[in-house]
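Colleague: Based on these hints, arrange chain C on the given structure of chain Y.
These protein sequence lines map, in sequence, to chains Y and C. Heads up: the first sequence begins at 2 in my numbering, then just goes up one per residue. Heads up: the second sequence begins at 5 in my numbering, then just goes up one per residue.
Selected chain Y positions facing chain C (in silico; Cβ < 10 Å):
#1 34
#2 38
#3 41
#4 44
#5 49
#6 60
#7 89
#8 91
#9 101
#10 103
#11 108
Straight-line alpha carbon distances no greater than 27 Å define the calculated DSSO-like cross-link-like pairs of lysine-lysine that follow:
#12 74(C) to 58(Y)
#13 72(Y) to 58(Y)
#14 58(Y) to 30(C)
Footprint (simulated), chain Y over chain C, 3 or more residues, beta carbon under 8 Å:
#15 47–53
#16 103–112
Hint data in this document are derived by calculation from the structure and do not stem from the laboratory. Quick reminder that beta carbons are idealized off the backbone N, C-alpha and C, glycines included.
One letter stands for each residue in the lines below.
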Amino acid sequence: NAGVTQTPKFQVLKTGQSMTLQCAQDMNHNSMYWYRQDPGMGLRLIYYSASEGTTDKGEVPNGYNVSRLNKREFSLRLESAAPSQTSVYFCASSYGDLVGGYTFGSGTRLTVV
Amino acid sequence: SQQGEEDPQALSIQEGENATMNCSYKTSINNLQWYRQNSGRGLVHLILIRSNEREKHSGRLRVTLDTSKKSSSLLITASRAADTASYFCATARMDSSYKLIFGSGTRLLVRP
Numbered sequence: 002n003a004g005v006t007q008t009p010k011f012q013v014l015k016t017g018q019s020m021t022l023q024c025a026q027d028m029n030h031n032s033m034y035w036y037r038q039d040p041g042m043g044l045r046l047i048y049y050s051a052s053e054g055t056t057d058k059g060e061v062p063n064g065y066n067v068s069r070l071n072k073r074e075f076s077l078r079l080e081s082a083a084p085s086q087t088s089v090y091f092c093a094s095s096y097g098d099l100v101g102g103y104t105f106g107s108g109t110r111l112t113v114v
Numbered sequence: 005s006q007q008g009e010e011d012p013q014a015l016s017i018q019e020g021e022n023a024t025m026n027c028s029y030k031t032s033i034n035n036l037q038w039y040r041q042n043s044g045r046g047l048v049h050l051i052l053i054r055s056n057e058r059e060k061h062s063g064r065l066r067v068t069l070d071t072s073k074k075s076s077s078l079l080i081t082a083s084r085a086a087d088t089a090s091y092f093c094a095t096a097r098m099d100s101s102y103k104l105i106f107g108s109g110t111r112l113l114v115r116p
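Bound-form chain Y, shown alone:
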């Protein structure tokens, strides 16, 4: 019962470096999402993929790109990291019609120095 798996759990980057956050789900969900959570705030949607082969911008997409590699995997890439991207990143998945809500991964804590 893995659910949603995110890697890595922690990462420190220097300003300007790039990295990819990986996310995989084993629940046969159609839709996948990337959120960021900053201290004292709720989650803000970065990008989402309603179904395999489609991706769309959320509330805060600037500085990020995504790839829906297949039905299971949805990656988030930071091309040139900035201190403002220091945050906790959560991947989630759902059936798409929201039956049962979202299933979240345990998060990636990213610090950009």
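Modeller: Leaving out everything else, chain C in the frame of chain Y:
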């Protein structure tokens, strides 16, 4: 911009008491959901209430929805120390029902 706003931002109660958290939102919704987040962990889905429902129960949880006031409440009865967590409401808008917008959360502390 955030669709849902929780009230209060923080709540401290004694074990055994009931905890009530409120959520207000701005636009018409397809459904509203509540999630729990323990410190340092991911969010866990608690309950979903659709726009045509007024009340829903799940164990010690009771959720109400008033679409005329654009508000919802989450009641946790007979609270336990293990209920200590942050609670978030999230709304799915009518025009994009599979995409959730989260509020800023209520931090609940249940004192033993």
